[in-house]
Structure formats: structure tokens, C-alpha cells
Amino acid sequence: MTTKIQRWGNSQGIRIPKFILEALNWNDDEELVMTAENDKIVIKKAAKRMNIKDLFADYDGEYAPVEVDWGKPVGKEVW
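Going by the working numbering, the final residue of the sequence shown carries number 97, and the count climbs one at a time with no gaps.
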């Protein structure tokens, strides 16, 4: 399949056919990462951003908060 680069306002773009999006299981408003490699454009689905609860969902250890000594102020910090 071939396509053309088209002007959209001050930018240029290409259209991705529906059958390709369906094959990749991509939806509207999908966050993507685009890079240039040699003479190719590589488009990948962006990694899902996780919150702190998701990151530690499988953690079964114990957590005890620890106070950290960051040293004396070196600027105009308010302590």
C-alpha cells in the first residue's frame, strides 16, 4: 500500500488505514512514540503510564518510612 504526505494546516501528516489500526489493536486518541531510523519512520504504542498503586500492586514486603538527612541548607531553602 502507498500513501502520500499531506499538508494539514502548518503541519504535514499521513493517514493510517483502518485495517492497519485494527491489526495493531490501536484506537482513536492512542498515545504513540515516533522515531526516525535511517530512512524510516517507526511508530510504536507509548508505554502505559502507571500510578504508584499500580507499580506496587504485587509488592508483598513490609514498608517502614525512613527519615533522610539531606544535609544543611545551601541556598535559600526554608527548613
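Please keep in mind that the hints were generated in silico from the structure rather than gathered at the bench. If you're wondering where the values come from, they're calculated on a predicted model, not measured in any experiment. Be aware that a few hints might be false.
[Claimed, not checked] Calculated pairs, DSSO-like style, for lysine-lysine (alpha carbon to alpha carbon, straight line, at most 27 Å):
#1 Lys71 x Lys94
#2 Lys36 x Lys71
#3 Lys58 x Lys22
#4 Lys22 x Lys63
#5 Lys63 x Lys90
Against the structure, the hints:
A distance of roughly 34 Å separates the Cα atoms of Lys71 and Lys94; the hinted pair therefore is violated under the 27 Å criterion. Distance restraint check for Lys36 and Lys71: the Cα-Cα separation of roughly 35 Å exceeds the 27 Å cut-off, and the hinted pair is therefore not satisfied. Note on Lys58 and Lys22: the hinted pairing holds, with a Cα-Cα distance of about 15 Å set against a maximum of 27 Å. With a C-alpha separation of about 22 Å, the suggested pairing of Lys22 with Lys63 holds against the 27 Å cut-off.
Of the supplied pair hints, the one linking Lys63 and Lys90 is violated, its CA atoms being roughly 44 Å apart against a limit of 27 Å.
When the structure is compared with the earlier hints, violations turn up for hints 1, 2 and 5 and for no others.
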